[in-house]
Amino acid sequence: MNSKSIRNLFTAPMLVSFLVFGTMPFWIDAIGLYQYLGLEVMIWVIFALAVNLLLGYTGLPSFGHGAFLGIGAYAFGLTQFNIAANLWVSLFGAVAATAVLGGLVAAFISHRRGIYFALMTIACAQIFFFIASKWTDVTGGEDGLLNIQRLPLDLGLAEISIKSNFNLYYLCFAAYVIIVVGMWRLVNSPFGKIITAIKQNDSRVAFLGYNVWLYKWIIFTLSCAISGLAGALFAMAQEGAYINIMSLQWSGIVILIVLIGGGFISFWGPVLGVIFYFLARDILGAYTEAWLLWFGLIFMLMVMFKPEGLAGIWQDAQLMFGRRKEAPQACPEPNHAGGD
Amino acid sequence: MALFEARHLHKRFADQVVLEDITLSFEENQISGIMGPNGAGKTTCFNVLTGRYRPDRGTVFFDGKDITGLPPRKIARHGIARSFQMMNLFDEYTALENIVLALPEVSARGFSMTHNLAHDVDAQDRGAAVLARIGLGGREHTPASDLSYGQRRALEIGIALAAEPRMLFLDEPTSGLGTDATATLATLIQEIRKSVTIVIIEHDMKFLFDLADRIAVIHWGQVIAQGTPETLRENEWVRTSNLGALA
Amino acid sequence: MVDFLLNLLPHLLNGVALGLLFALLSLGFMLIIGVMEVINLAHGSLFALGAYFAVMLMGQDGGIPLAFMQSYYELPAVPRYIIALIVAPALVAVVGMGLEICLRRTYGKDPLYGLLLTFGAALVLEEVIREIWGPAEYFLPLPKAIRGGFFFGDMIYSNYRIFAAVFAMAMIGLLWAFLNRTPYGAVIKAGAHDSEMVRVLGYNLSRLRLYVFAFGAALAAIAGIIMAPIWGVRPHVGVDAVIPAFVVIVLGGVGSFWGAVSAGLLVGMVVALTAAFLTEWSLLSMYLLLLVVVTFRSRGFAGKASALEA
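Protein chains in written order, with the numbering used here: chain V, 1 to 340; chain D, 1001 to 1247; chain Y, 2001 to 2310.
These are computed hints drawn from the structure, not numbers from a lab. These numbers come from a predicted model, not from an experiment. Watch out, some of these pointers could steer you wrong.
Here are the computed lysine to aspartate or glutamate pairs in the DMTMM-like style, where the Cα-Cα straight-line distance is at most 20 Å [as the list claims (entries may be wrong)]:
| hint | chain 1 | residue 1 | chain 2 | residue 2 |
| --- | --- | --- | --- | --- |
| 1 | Y | K2109 | D | D1146 |
| 2 | V | K134 | Y | D2240 |
| 3 | V | K134 | Y | E2037 |
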């Protein structure tokens, strides 16, 4: 690989994130936090990046995406218990199951957008939630699917146990690296540019000859598959799969995270949003039980005054200090100067 | 048979008949015009011809193939492109990004998820060439929302042009433009007519009469006159109408 | 066969009561869509808030008593109930106005932002409810007159369902009269049809939007209060309420008063009959109905289709 293609593959923010996340288990205790938090952050980052593919890039408001996180978790456990107690097989089961169900949902909703799309995702999520809580034989119902094992990582030559939070964290980090590199290429590819065009003006995209339905179907299914992977990792972290992450409240939280972070204008928005969320939860949460309420209010204020989110604020700061030419806007107003 | 033929098109919305027995044909390498007062049905006609609406009755043929009722994306794939009167740009994208999306080589690789489009030198160069052609050379990296109205109008047409269509439908391209910009547009159209068959809807009668080889007049949802600009000048209805001054 | 039908009657009554309440909820939802370009996802939360305020105003016997209102709680149940029916919607109307003011920043932008804002508002309101009143379920105390039931043939009929149906019918009738027989109603109808025109005619469009939002919120609150004994008073009730409102306007068409009423009755019937035969599925039936309706009903209504689409 020559230096140009390496530059295509990795960017500065990406490498910074690799450094920060790659070393996190070593300094997280030192700053007064704990190992398990690192796990949660990594998993939620993957999930939020998947959701932003839909919300920030394609403009599709999936308000029930937590259902797919849950499906991934349950599928991981069920594969482990019923098919093979092998990490790769179980991960595959989780991703495949979520992709299939995601594809099914996508088939129903890909010709919609806006409020129709949002409400359909809510309805589907509630249906999945209902199935998970009532199909007690399979999912354990309200109690959840217990005793999910952190299966050892079999690399052919060696087998690495991921029972410790430290080791499991690095598995999640490895997934993060692969997903981030792949996603970055995706959003800069023709496919990525087309889905962002769909967000701005889907009818024009159709007039250019593109099959808009198919693009939306693909990105939704892909987003679900990645969420399924995050769900599998989460099942290992919690050593169980529970219905609470399939609730609308959790689906709503990830939307808040993605927008507050700046997912509408930046690939890294979701990462910033997740970090902000966990800081809010653990630090603000120490002072008040109503921290989620404040988080929601911050969201509303952001939508009203700064839809570019934290990433936008960061870019404004860069503008102020002359590091950048101009900051992108989340919803630009066309310049209607008359005549020419 | 002409390159593009529409026969006996009929379209109603609810209980309102908007198009009645419209038959039009457009010859290859000609510039054809459609004019008529507001509410006459020209925009609906345009929308039916370009696939935005399905006709209730009638057929549309392009290059001998039946394209009646096909959705816009399939019509685009046949080599027909259109511009819009209400500007339909990708406001978050730069002028260049707007154009590149329309290029045939990009739409051919629309499902590629790994190829970096911004580093695709061929596509970027071809896109820049299109921009230069429509007078936006040098504005490649300006976001579309920051362009002036006239520049946005040019970009609007440029996107349709970038697709290298066989046939180009322009919906009121001079809308809101001043005299200079209109003249520039006329020059551009004269230049591209060598490679594209063009159909224009217009209000500006002078613009249309100067450019078009044949013009159809639509009023009350019907074609009430068709012919070259000279024959139409003699047409009683056109002469007595208030569509605008003819030089 | 006759037995089966007779056994069905109480459920049909429930369906009618539920349906009329859904219609009332949806009419408020529809008015808001008409005059702004916004789908208010927080409409369900306003519905829930109405129920909670009513529970607070009813006080003892299962309600949430406020210390400084002890002498008020000594009033008999009926006047307290009437006060609750008036004051709670008024309070929710104020909250609605607050929400409309927040929404002003999103007018003219991509409708996705208005959607996200009302989504955030729904979440915030649910959290506010959880904070103030806690996550446990409450029961709305009712005056004796509308409690209990009576026998007819072999079946028990609930007095409350009859009251709910009659009250909802009366409210719908009043609403119709207001919209079609008063000058204020005429302005609202005109605004729902063409908000720009209303401005051109000299009315203050922002003021109109503010009042319509408040009015829609009040209607949601009233529906919430009447629905409280049927659905229970929980923070999550808000989400469950916005779904039938949406299904009703998709089915009945935005802008059609009687379309909303008929669609409301249909949805109410489906939910009530599901509750009769497959109790656990009754709430889920609404979500399934939404899927079916949105999948098969293409966007076939004029006017505000654009507001819903985007």
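Here's how the hints hold up against the structure:
1. K2109/Y <-> D1146/D: Judged against 20 Å, a Cα distance of about 16 Å means the pair holds.
2. K134/V <-> D2240/Y: The given pair, whose Cα atoms are some 18 Å apart, holds under the 20 Å limit.
3. K134/V <-> E2037/Y: violated (38 Å)
Violated hint for the displayed structure: number 3, the only one.
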